[in-house]
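There are 2 protein chains.
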Amino acid sequence: LRSLEWRNGCLELLDQTALPGKTEQIVCDDYRRVAEAIRRLEVRGAPAIGAAAAFGVVLGARELASESKEFWPGLLAIAEELRQTRPTAVNLFWAIDRMMSVASRYGSEAVPADIVAALEEEALAIAAEDKTVNQRISEHGAALFGGKATVLTHCNAGALATVAFGTALGVIRQAWAEGKIERVFADETRPLLQGARLTAWELMQEGIPVTLITDNMAGWVMKKKMVEAVIVGADRITLSGDVANKIGTYSVAVLAKEHNIPFYVAAPLSTFDFSIASGDDIPIEERKSDEVTSLGGRRVAPEGVAVFNPAFDVTPSSLVTAIITEYGVLKPPFTAAITELQQKKGGII
Amino acid sequence: LRSLEWRNGCLELLDQTALPGKTEQIVCDDYRRVAEAIRRLEVRGAPAIGAAAAFGVVLGARELASESKEFWPGLLAIAEELRQTRPTAVNLFWAIDRMMSVASRYGSEAVPADIVAALEEEALAIAAEDKTVNQRISEHGAALFGGKATVLTHCNAGALATVAFGTALGVIRQAWAEGKIERVFADETRPLLQGARLTAWELMQEGIPVTLITDNMAGWVMKKKMVEAVIVGADRITLSGDVANKIGTYSVAVLAKEHNIPFYVAAPLSTFDFSIASGDDIPIEERKSDEVTSLGGRRVAPEGVAVFNPAFDVTPSSLVTAIITEYGVLKPPFTAAITELQQKKGGII
Chain P
50 LRSLEWRNGC
60 LELLDQTALP
70 GKTEQIVCDD
80 YRRVAEAIRR
90 LEVRGAPAIG
100 AAAAFGVVLG
110 ARELASESKE
120 FWPGLLAIAE
130 ELRQTRPTAV
140 NLFWAIDRMM
150 SVASRYGSEA
160 VPADIVAALE
170 EEALAIAAED
180 KTVNQRISEH
190 GAALFGGKAT
200 VLTHCNAGAL
210 ATVAFGTALG
220 VIRQAWAEGK
230 IERVFADETR
240 PLLQGARLTA
250 WELMQEGIPV
260 TLITDNMAGW
270 VMKKKMVEAV
280 IVGADRITLS
290 GDVANKIGTY
300 SVAVLAKEHN
310 IPFYVAAPLS
320 TFDFSIASGD
330 DIPIEERKSD
340 EVTSLGGRRV
350 APEGVAVFNP
360 AFDVTPSSLV
370 TAIITEYGVL
380 KPPFTAAITE
390 LQQKKGGII
Chain U
50 LRSLEWRNGC
60 LELLDQTALP
70 GKTEQIVCDD
80 YRRVAEAIRR
90 LEVRGAPAIG
100 AAAAFGVVLG
110 ARELASESKE
120 FWPGLLAIAE
130 ELRQTRPTAV
140 NLFWAIDRMM
150 SVASRYGSEA
160 VPADIVAALE
170 EEALAIAAED
180 KTVNQRISEH
190 GAALFGGKAT
200 VLTHCNAGAL
210 ATVAFGTALG
220 VIRQAWAEGK
230 IERVFADETR
240 PLLQGARLTA
250 WELMQEGIPV
260 TLITDNMAGW
270 VMKKKMVEAV
280 IVGADRITLS
290 GDVANKIGTY
300 SVAVLAKEHN
310 IPFYVAAPLS
320 TFDFSIASGD
330 DIPIEERKSD
340 EVTSLGGRRV
350 APEGVAVFNP
360 AFDVTPSSLV
370 TAIITEYGVL
380 KPPFTAAITE
390 LQQKKGGII
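First to last, the protein sequences are chains P and U.
All residue numbers for the first sequence refer to the working numbering, where the first residue is 50 and numbers rise by one.
All residue numbers for the second sequence refer to the working numbering, where the first residue is 50 and numbers rise by one.
Chain P on its own, in the form it takes in the complex:
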């Protein structure tokens, strides 16, 4: 199961808006189509959009190289357009920065085709590393589990949200392989139902027992002692350990605290934003109201109703039990642990 694949010089995306009903590939030979796919959530999940944007830079550079336009102004504009697709997940900016850093090693006299080749190599490296990183995260995370645990997850931080394997679902996959998972409760995750459509589907494909619930049942299943741990992914983590993730994560974290259930976050180094101390400084994307008022073209709410539709929320570090990274498990005090992690930035695993 792969969310994206670089094949014959094109980026192939598994259309996540069509799942689980249809398994369709979107073939992107133009960076504009990649940007559109990110905006439309055809590819979603912080690590996956980072990798997709990296390949978007390759496609953009290739187009520039084949034209007689000026290469550098064009590449900067393409990078900017890709950066504008979604504001919250920092992996997007991390991946584009990394690509532009590679390009910048070439002087203004360089042959564009050489730069394109270097960019392609870097994007492939980002994608390959993501899989390795997720496997490390999964091993570190699975070690947190003892006997047979029932865990709850929100949204989809699985293979579909990454290049492969997943972060939070990677931990669950690994723990399942080690015989440590009894059952997974998947919040359906309104408005776009990533839990119902993607997480339930991914887990069923692997034969991991999953029970689908609506988001508003999370508190009740905790109260009924049906859940022993919560594990989620992240879109951006600050220096203090505040965690931006899919809307609803904050409510789940408060509920976990109320029931003395550990709340784990699984995310790679590329999800950390070391430039921000507080979660208050994370930009939160607001999306169109029709995501809430309609489903599949069918309207469920009255015409003209006002809607608030933030795509993410921020869980303060005080509600986080541990953050699972490819470098190990971070525990409070998070500022110290994350500052230490920052030293590893750019290093190899």
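What the hints contain is simulated information worked out from the structure, not anything from laboratory work.
The structure displayed is predicted, hence computed values, not measured ones.
One or more hints might be untrue.
[Stated by the list, open to error] Derived contacts from chain U toward chain P, CB cut-off under 7 Å, selection only: (1) Leu90; (2) Pro332; (3) Glu334; (4) Ala355.
[Unchecked claim] Here are the simulated DSS-like pairs of lysine-lysine, each with C-alpha atoms no more than 30 Å apart in a straight line: (5) U/Lys118 x U/Lys71; (6) U/Lys337 x P/Lys71; (7) P/Lys306 x U/Lys229; (8) P/Lys380 x P/Lys306; (9) P/Lys380 x U/Lys337; (10) P/Lys337 x U/Lys393; (11) P/Lys272 x U/Lys272; (12) P/Lys273 x U/Lys393; (13) U/Lys71 x P/Lys272; (14) U/Lys380 x U/Lys393; (15) U/Lys393 x U/Lys273; (16) U/Lys71 x P/Lys337; (17) U/Lys380 x P/Lys337; (18) P/Lys380 x P/Lys272; (19) U/Lys272 x P/Lys380; (20) U/Lys71 x P/Lys274; (21) P/Lys273 x U/Lys71.
[Said to hold, decoys possible] Covered by chain P, per the in silico footprint, the following chain U stretches (three or more residues, Cβ under 8 Å): (22) 266 to 272; (23) 293 to 300.
Here a beta-carbon is modelled for each residue, glycine too, at the ideal position from N, C-alpha and C.
We have chain P already, so just place chain U on it with the hints.
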């Protein structure tokens, strides 16, 4: 706006499964159709199903009176069938008990037509009282608000959930009329979207500003200080003040506590179950999985996925700030306040 009306010897129900897209009446001239409407949630909301069941008893008695069958065994069976429609809301049992109590005043030699007439009178009284009771609740509740408040509500405890006016939405209507409401946040209330379909619609019809959110946004709007009070209805309240209400209410109550936001419950005396001390003893209805796996009639989850679909949850009294009844506002300690309320049972307002 009325959820039900007794007209020409038939019970007319506003089909709440069709709202807000269509405004359709269901005309019931058979108690079986009333039972079906309750099961299907064509009529829903604790006070409304109580009143509907009362008219169901009238229709059943009328059928028995027109046949040569034995009246009393038939009436007991009809009452039992109506009791079986839904298990959680106690108003259903309260209304049927009240109807059967009226019937029981007639001896076995009585003329069935006389009993039918008495039952019709009693059902009309139940419906008429519900409106009065809700207006009293609304006045008591509105007095709790000071300046301009932004309130959050879950599910629909409006005119549609009662015979008229509503409980929680009745309080909001009254407070709005008194200039004390800034805006209402309506949780959409999965799986059946009573908040999106019914509450948003009711409030918009009255010109009360409403913002629709998905259930998992409730915590975030509280964190962002966008909500100053929560008010909900109830399906059953125990002697200790534990409150069964639509699934998701418990999560909202925990979130309200976390943010020091008052959590109000508005409900009539008929929603109290004085025979139960603890919320653990309230039967919680579980409904079919397709309510969760489909949205607006369209399937969203993989075929064959396991689902947990409790229709209600129980909020412990420790999370409840006050319970607004037609007799006034009850505050902790609730057992004492509710025991005192019990003395008024059967009395007039």
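To see whether the hints hold, each was checked on the structure:
no.	hint	in the structure
1	Leu90	violated, 15 Å
2	Pro332	violated, 14 Å
3	Glu334	violated, 13 Å
4	Ala355	holds, 5 Å
5	U/Lys118 x U/Lys71	violated, 40 Å
6	U/Lys337 x P/Lys71	holds, 25 Å
7	P/Lys306 x U/Lys229	violated, 34 Å
8	P/Lys380 x P/Lys306	holds, 16 Å
9	P/Lys380 x U/Lys337	violated, 41 Å
10	P/Lys337 x U/Lys393	violated, 50 Å
11	P/Lys272 x U/Lys272	holds, 22 Å
12	P/Lys273 x U/Lys393	violated, 34 Å
13	U/Lys71 x P/Lys272	violated, 38 Å
14	U/Lys380 x U/Lys393	holds, 17 Å
15	U/Lys393 x U/Lys273	violated, 42 Å
16	U/Lys71 x P/Lys337	holds, 25 Å
17	U/Lys380 x P/Lys337	violated, 41 Å
18	P/Lys380 x P/Lys272	holds, 26 Å
19	U/Lys272 x P/Lys380	holds, 24 Å
20	U/Lys71 x P/Lys274	violated, 41 Å
21	P/Lys273 x U/Lys71	violated, 38 Å
22	266 to 272	holds (count 6)
23	293 to 300	holds (count 4)
When each numbered hint is compared with the structure, violations occur for hints 1, 2, 3, 5, 7, 9, 10, 12, 13, 15, 17, 20, 21.
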